[in-house]
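A.B. asks: If you want the building blocks of each chain, they are given just below.
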Amino acid sequence: GSGGFRKRKHDNFPHGQRREEKENVNPSSALMMSFKSFQLELDTRHDKYERLVKLSRDITIESKRTIFLLHRFTSAPNGEEILNESEVKLDAVRRKIKQVAQELVGEDMYQFHRAISPGLQEYVEAVSFQYFIRTRSLISVEEINRQLIFTAEDREETRNMTSSSLDKQPHTWSLKVTPVDYLLGVADLTGELMRLCISSVGNGDIDTPFELSQFLRQIYDGFTFIGNTGPYEVSKKLYTLKQSLAKVENACYTLKVRGSEIPKHMLADVFSSKTDLIDQEESLS
Amino acid sequence: MSVSEMFIALQGVLTADQDIREEIRKVVQVMEQTAREILTLLQGVHQGAGFQDIPKKCQKAREHFSTVRTQMESLKTKFPADQYYRFHEHWRFVLQRLVFLAAFVVYLESEALVTREAVAEILGIEADRERGFHLDIEDYLSGVLTLASELARLAVNSVTAGDYSRPLRISTFINELDSGFRLLNLKNDSLRKRYDGLKYDVKKIEEVVYDLSIRGLNKEATAAAGAEK
Chain Z
1 GSGGFRKRKH DNFPHGQRRE EKENVNPSSA LMMSFKSFQL ELDTRHDKYE
51 RLVKLSRDIT IESKRTIFLL HRFTSAPNGE EILNESEVKL DAVRRKIKQV
101 AQELVGEDMY QFHRAISPGL QEYVEAVSFQ YFIRTRSLIS VEEINRQLIF
151 TAEDREETRN MTSSSLDKQP HTWSLKVTPV DYLLGVADLT GELMRLCISS
201 VGNGDIDTPF ELSQFLRQIY DGFTFIGNTG PYEVSKKLYT LKQSLAKVEN
251 ACYTLKVRGS EIPKHMLADV FSSKTDLIDQ EESLS
Chain A
1 MSVSEMFIAL QGVLTADQDI REEIRKVVQV MEQTAREILT LLQGVHQGAG
51 FQDIPKKCQK AREHFSTVRT QMESLKTKFP ADQYYRFHEH WRFVLQRLVF
101 LAAFVVYLES EALVTREAVA EILGIEADRE RGFHLDIEDY LSGVLTLASE
151 LARLAVNSVT AGDYSRPLRI STFINELDSG FRLLNLKNDS LRKRYDGLKY
201 DVKKIEEVVY DLSIRGLNKE ATAAAGAEK
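Chains Z and A are the protein sequences, given in the same order.
The opening position of the first sequence corresponds to residue 1 in UniProt numbering, with each subsequent residue numbered one higher.
The opening position of the second sequence corresponds to residue 1 in UniProt numbering, with each subsequent residue numbered one higher.
No wet-lab data here; the hints were simulated from the structure.
Note that the coordinates shown come from a computational prediction; the quantities given were computed from them, not determined experimentally.
Even for Gly, the Cβ is constructed at its ideal location relative to N, Cα and C.
All clues given are correct.
Not the full set, but computed from the structure, chain Z residues with beta-carbon under 10 Å of chain A:
| id | residue |
| --- | --- |
| 1 | 30 |
| 2 | 39 |
| 3 | 46 |
| 4 | 222 |
Straight line, CA to CA, 30 Å or less: simulated DSBU-like cross-link-like pairs of lysine-lysine:
| id | chain 1 | residue 1 | chain 2 | residue 2 |
| --- | --- | --- | --- | --- |
| 5 | A | 78 | Z | 48 |
| 6 | Z | 236 | A | 26 |
| 7 | Z | 54 | A | 193 |
| 8 | Z | 48 | A | 76 |
| 9 | A | 26 | A | 76 |
| 10 | A | 76 | Z | 176 |
| 11 | Z | 48 | A | 193 |
| 12 | Z | 54 | Z | 176 |
| 13 | A | 26 | Z | 176 |
| 14 | A | 193 | Z | 36 |
| 15 | Z | 236 | A | 78 |
| 16 | Z | 176 | A | 187 |
| 17 | Z | 48 | A | 187 |
| 18 | Z | 36 | Z | 54 |
| 19 | Z | 36 | A | 204 |
| 20 | A | 203 | Z | 36 |
| 21 | A | 78 | Z | 176 |
| 22 | Z | 36 | A | 187 |
| 23 | Z | 237 | Z | 64 |
| 24 | A | 187 | Z | 54 |
| 25 | Z | 64 | Z | 89 |
| 26 | Z | 36 | A | 199 |
Stretches of chain A that chain Z covers, calculated by requiring three or more beta carbons in the stretch to come under 8 Å of a beta carbon on chain Z:
| id | region |
| --- | --- |
| 27 | 84-94 |
| 28 | 128-141 |
| 29 | 173-185 |
Full structure from sequences and hints, please.
C.D. replies: Quick look at the structure:
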């Protein structure tokens, strides 16, 4: 296209000869040289961004799968097994996060934050869900970040490395989940806890719902304490959080009121219809 | 740590963050004021009489840039040096504007594109990230694109003012700039959107050159330019 363009332009100029000299851009001029270096710089930056987006997506998918796995957790005999399996999965996620940390060595993390933020939030959700099932408490951001310090010594990498370069310094990489990513992850966690609550009632477990409503209320109080000091996304999640809390509280209410009337073995039936109702609501909103 | 303690700690972090942003906004506001002053000063070149004292205007603009440098110094102290991109969006706009103004001054003085290093020096910042508060490449390129639109306007006005040779020189410059930008693989972001406007500036300037040449108005001008070579 540009060839025809130029030709037409030349027709406009009677002094074609001289114009051409001026018009033709010297490919090795200072300006062109600097733009060539800009091209390299921008491409490098975009490539890194794309790699991080891909890692973030992988982290998201694996974290989601871990959450699904954890939902299968019941106090049944295979509970411990599921927890162990989830730990293996989370280890795999952390290996991906290690790659992210390696990509970000020497970079300003916030420059690429938009690429990795969704993955990190999902990871926070998964890891805090597992932590809750284990300990019935909220994992702190410091605890999460402690698990995201990687050294070259662990995992299979060491074998390859030590064989090639024995004198190589053991490097460490680390990634810090930002407070905002942590908060958004925790806000998502509450949705999972709500689901856990409803399904545990379905399984005839009547202690977990009360524990959960207690815990969710604490988190809700925490979020209201932060209120609008946080960024917009945090306040946006507050609304969904309120809904989850209401569902859990209503479940507890029903348990309390009707639990004394209904024989224990029928509780599950009462709640399975209740669960349907909630699911319908959810699909509407 | 209890849940409420955790949230109190987080709230503290968020408040501290907001304070930093507030401080940055204050400095950026002052910088925007300075940028407007420089722009007003340079706008004078579009007026007929303005063409005569371009050097004087550039001189004055350069004096204003020393104010910018002091303001940059104060901006640097408002946040941790390694968190540039965390607060980037607060000064992004004004920085692009200042790049444009610096590039405009340099163009008026020497009719050349200011290098990234030179802009950084004029603004009292660094050219690369490793050395501190720096000029992001995308901000630099955005500023340069603003320069292109301004030059398209200057080409029109210089004809009105009777300066028939300037549009030709601007045309050469913009064409080179256009070829430069064509080397870049831009993503679908704001920079790309601004780059898409460049072709209209190129077109505008070509029209001006065309108008001049069919009327033979650029005859002496081209001859002079040819003699220079």
